[in-house]
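These protein sequences, in sequence, are chains A and B. Take 5 as the starting number for the first sequence in the numbering used here and just add one per residue. Take 53 as the starting number for the second sequence in the numbering used here and just add one per residue.
FYI, nobody ran anything at the bench for these hints, they're computed from the structure. All of these numbers come straight from a predicted model, not from anything done at the bench. Some clues are possibly wrong.
What the hints assert, rightly or not - Covered by chain B, according to a simulated footprint, are these stretches of chain A (three or more residues, beta-carbon under 8 angstroms):
{"#": "1", "segment": "5-11"}
{"#": "2", "segment": "39-47"}
{"#": "3", "segment": "103-111"}
Here a beta-carbon is modelled for each residue, glycine too, at the ideal position from N, C-alpha and C.
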Amino acid sequence: GEDVEQSLFLSVREGDSSVINCTYTDSSSTYLYWYKQEPGAGLQLLTYIFSNMDMKQDQRLTVLLNKKDKHLSLRIADTQTGDSAIYFCAAADNYGQNFVFGPGTRLSVLP
Amino acid sequence: DAGVIQSPRHEVTEMGQEVTLRCKPISGHNSLFWYRQTMMRGLELLIYFNNNVPIDDSGMPEDRFSAKMPNASFSTLKIQPSEPRDSAVYFCASSLSGWGAFFGQGTRLTVV
Numbered sequence: 005g006e007d008v009e010q011s012l013f014l015s016v017r018e019g020d021s022s023v024i025n026c027t028y029t030d031s032s033s034t035y036l037y038w039y040k041q042e043p044g045a046g047l048q049l050l051t052y053i054f055s056n057m058d059m060k061q062d063q064r065l066t067v068l069l070n071k072k073d074k075h076l077s078l079r080i081a082d083t084q085t086g087d088s089a090i091y092f093c094a095a096a097d098n099y100g101q102n103f104v105f106g107p108g109t110r111l112s113v114l115p
Numbered sequence: 053d054a055g056v057i058q059s060p061r062h063e064v065t066e067m068g069q070e071v072t073l074r075c076k077p078i079s080g081h082n083s084l085f086w087y088r089q090t091m092m093r094g095l096e097l098l099i100y101f102n103n104n105v106p107i108d109d110s111g112m113p114e115d116r117f118s119a120k121m122p123n124a125s126f127s128t129l130k131i132q133p134s135e136p137r138d139s140a141v142y143f144c145a146s147s148l149s150g151w152g153a154f155f156g157q158g159t160r161l162t163v164v
């Protein structure tokens, strides 16, 4: 089955860019997602990308997909203290079901 | 839409008691998921339904756990009897095709 991996921690300075990386194993995963979880809250869908896309930009967020290497990244421009949270990468099959989540990357933004 | 609604938000119960967690998915969504989150094990998929039918319950830890979806707007996750190791945050999520899973705020369960 699908396996999704992420580094567990990332620290950046306020105003810098953050890049959170993710790898997955199943090349047939069609939908790839980034979620944000703040303390005491549920997971919030940030953005998604389809497997036939290489890049998607949404305001400060840029998602890059390297399908050959099965590598997904989330870049947050001008990182703010409010961006401190856990970020989860997730992959789903071509029915948009069978979501598999990574372990999450805890982003700390230092003033 | 109000999003996925879970109740209760917090539940404290004694070991051996029955616990029922409730979920109302987003109207029109056709898939519903139950997840458990702990520090040690991260986010685990327990079960998911498609069009009210259980599709994959391989993540349900043991027979003490059961889930139902009697209609498109309601699901329950029941633990009977509860044990301290069941303490976790339980999330319900719903989705429509590939447009991502939308999560509720979760139920924090503490079994003492």
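Verification of the supplied hints:
For the segment 5-11 of chain A, the stated coverage by chain B is violated: 0 residues have a C-beta nearer than 8 angstroms to a C-beta of that chain, whereas at least 3 were required. Counting residues of the segment 39-47 of chain A whose beta-carbon sits less than 8 angstroms from any beta-carbon of chain B gives 4, enough to reach three: the coverage restraint holds. Under the rule that three or more residues need a Cβ within less than 8 angstroms of chain B, the assignment of the segment 103-111 of chain A holds, with 5 such residues.
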